[in-house]
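Student: Each chain, letter by letter, is given below.
There are 2 protein chains.
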Amino acid sequence: MNNFEFYSPTKFVFGRDTENNCGQLVKEAGGAKVLLHFGGGSVIRSGLLDRVKASLDKESIPYCELGGVQPNPRDTLVYKGIELCRNEGVDFILAVGGGSVIDSAKAIALGVPYDGDFWDFYCGKDIAKKAVPVGTVLTIAAAGSEGSGNSVITKEDGMVKRGTGSDLIKPVFSVLNPALTCTLPAYQTACGAVDIMAHVFERYFTNTKDVEITDRLCEAVLITMVNEVPKALKNPDDYEARANIMWAGMVAHNNICGVGRDQDWNSHGIEHELSGLYDCAHGAGLAVIFPAWMTFVKDHDIMRFAQIAVRLWGCRMDFADPKRTALEGIEKFKAFLTSIGMPVTFAELGAKEEDIPVLVNNFGIGEGKTGGFVALDKNDIANIYRIACKGN
Amino acid sequence: MNNFEFYSPTKFVFGRDTENNCGQLVKEAGGAKVLLHFGGGSVIRSGLLDRVKASLDKESIPYCELGGVQPNPRDTLVYKGIELCRNEGVDFILAVGGGSVIDSAKAIALGVPYDGDFWDFYCGKDIAKKAVPVGTVLTIAAAGSEGSGNSVITKEDGMVKRGTGSDLIKPVFSVLNPALTCTLPAYQTACGAVDIMAHVFERYFTNTKDVEITDRLCEAVLITMVNEVPKALKNPDDYEARANIMWAGMVAHNNICGVGRDQDWNSHGIEHELSGLYDCAHGAGLAVIFPAWMTFVKDHDIMRFAQIAVRLWGCRMDFADPKRTALEGIEKFKAFLTSIGMPVTFAELGAKEEDIPVLVNNFGIGEGKTGGFVALDKNDIANIYRIACKGN
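Line by line, the protein sequences are chains A and B.
Under the numbering used here, think of the first position of the first sequence as 1, with each following residue one higher.
Under the numbering used here, think of the first position of the second sequence as 1, with each following residue one higher.
With the rest of the complex left out, here is chain A:
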């Protein structure tokens, strides 16, 4: 096991009607003027935003509003948010929405006290030293941004998607009401589920030996997802399934499952170029990329792939031919993705084989290599895109 630090200071308030605690939570966090940040009309139509406002009103906490966050949130709105916060003297940002809204809120939080361009933190030019505190009211189980110090933003100029990470943008509190996710369309529910599973897989495939505790925690989250997601899709109002998925989504990405081990993260990077170029859902992109990545790298550690095949997918171990078990696991993963309505090929996603050179170029590793489990160069990345074209 590697040396590590683990720090997850967010207070999670989980369950029915918990959004009514927002005012009290902002008060406890010392917030005196709030930016309410959100996406489209769904939080307005559902009445959620009004409930959050009522909760702030109850504590006499003033707020201003900035809606309009898009999926794959844009730098352009972040700049607007930074300006608004400065003009209005905002000292607390409350994100009401999914990962995109939260990531946008985190970017604004970093930008407000910073003299330069917030994008510096996303392109690696500078490291943040201050941030406005952020709270969240989560509306979709997916990105895990409610418990992470990560944020991913898309630069509209060139549609380049880049991420940053800092303890400063770990939410002070996150309100998780699973009932809010019951109205999500099946496609979004499934995309979120794939994102959650991908966060675990990125950590699971490691070269670090003797990581039994984190292996087992990873498997706990994955088993939960495989058991609960079909229930939520069959009966969207299944609060219990939604609750298990929502908490699994947090556990999958606050890094409790990933400490002390090298992690890979190539599949996320390879997918980011897909959703960057085609503006598709991140989870759908991951459904196409992750099995292709597994197919490409499996020989690096057949026994690890056999292990997950047995422990997650219930395959029988073929002790004479572990590779057969490993391959069966990947097939089961693809069958699961198909069963929950996810694409597993470029065509199903609307991506094009002829764009592969553009995707590889945008990935931007030049002559270098990247990845914690298997270090890949640009030709390997191209091969994974090619496998994803065919779906095997």
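I should point out that these hints are in silico values taken from the structure, not numbers from a laboratory.
All of these numbers come straight from a predicted model, not from anything done at the bench.
Incorrect hints may have been included.
Calculated pairs, DSS-like style, for lysine-lysine (alpha carbon to alpha carbon, straight line, at most 25 Å) [unchecked claim]:
hint	chain 1	residue 1	chain 2	residue 2
1	A	Lys129	B	Lys129
2	A	Lys130	B	Lys234
3	B	Lys209	A	Lys234
4	B	Lys378	A	Lys11
5	A	Lys209	B	Lys27
6	A	Lys27	B	Lys11
7	B	Lys27	A	Lys11
8	B	Lys369	A	Lys130
9	A	Lys27	B	Lys234
10	A	Lys209	B	Lys234
11	B	Lys11	A	Lys11
12	A	Lys129	B	Lys27
Given chain A, put chain B in place with the hints provided.
Tutor: This is chain B only, laid out in the frame that chain A set:
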């Protein structure tokens, strides 16, 4: 799933040589004058205390010292610590040791800013509103106090053992170096392991339905313990096994495995009277009590006991007779305890059947009932002690 709050703000610094970071960590936490709190001579003999002091010296942070914490830490030393902290102007308490030292440090932390008797918080007379911040350097994987807001203290007058809980005493940081546990005797290693497993079992046996994610997380910790503890006992210097056990010990008790579900905690209460009266190790007492408790309550939910028998102990499910599987699981647990050198009867522990009325009286529920999985009255408690006499 029940509504819940989850808050685990401790910064964990895990791995080899991490005790050398103490000075920096105290500084980050704003500590200007430290109480170094510890137990017997082992932290002195091993050189650990000197390394911690050197780390504080490096940051020019002054400190005073209070050693002498005993297993089942006493109120008498807590009073000394409170007085010392007040006299010396201590604003940060650094516990160097195991659960007893950390629990004693937490009690001092609560007592220093409080006008009344710190015991008020342990006997339920008052709720803490302030505490001095606490940091820890852990030397045994067991109590989980390094990541919890709990503290258990024994009042010397009558040897009454009582606990308290508050977010205020969740450690600001905890330094976890698994190498420090390699010198532990086998008996203490095993006692710690039982404590960790017991923390999970108290949460696992629940009446709350549809708690797949926390069920699976509980099982992840338990499987890890069953796999790793024999390795650490066979080869005490097995750093990797020690590391897996140490992190499992934290995960077992910061409540990530227990949120959203009713928990039981009777076995801990029943054991507390044993270690209170006989001053035996808490883990050894739990090894005697937990299987007895399981035997007594199993019919309340045979399928839950069958589930853990299959998922943890690898029993084959007897679909025609699930009770047989449930019982086989309890037997496997006892066999595991015996295999790691733990007692499973009163006699092996040095406890006496004739003391049962005293134990039941000390348990002190009068004519009431207690317990989250099965509510037990004083006759039930006596029966569990009786089962523990015989070991089945």
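Student: Evaluate each hint against the coordinates.
Tutor: So, going through the hints one by one against the coordinates:
Distance hint between Lys129/A and Lys129/B is unfulfilled; the C-alpha atoms sit about 31 Å from each other, more than 25 Å. Under the criterion of a C-alpha separation no larger than 25 Å, the hint pairing Lys130/A with Lys234/B is inconsistent with the structure, at around 49 Å. Our distance criterion of 25 Å between C-alpha atoms is met by Lys209/B and Lys234/A, whose separation comes to about 19 Å. Between the alpha carbons of Lys378/B and Lys11/A the distance comes to roughly 38 Å, so the proposed pair goes past 25 Å and is violated.
Proposed proximity of Lys209/A and Lys27/B is contradicted: the alpha carbons are some 34 Å apart, above 25 Å. With a CA separation close to 24 Å, the supplied pair Lys27/A and Lys11/B stays within the 25 Å bound. Between the alpha carbons of Lys27/B and Lys11/A the distance comes to roughly 24 Å, so the proposed pair stays at or under 25 Å and holds. Of the supplied pair hints, the one linking Lys369/B and Lys130/A is violated, its CA atoms being roughly 52 Å apart against a limit of 25 Å.
Of the supplied pair hints, the one linking Lys27/A and Lys234/B is violated, its CA atoms being roughly 53 Å apart against a limit of 25 Å. At roughly 19 Å between alpha-carbon atoms, Lys209/A and Lys234/B fall within 25 Å of each other, so this suggested pair holds. Of the pairs offered as hints, the one joining Lys11/B and Lys11/A holds, with about 14 Å between alpha carbons and a cut-off of 25 Å not exceeded. Straight-line distance between C-alpha atoms of Lys129/A and Lys27/B comes to about 17 Å, which keeps the hinted pair within the 25 Å bound.
Violated hints, in rising order: 1, 2, 4, 5, 8, 9; the structure is consistent with all others.
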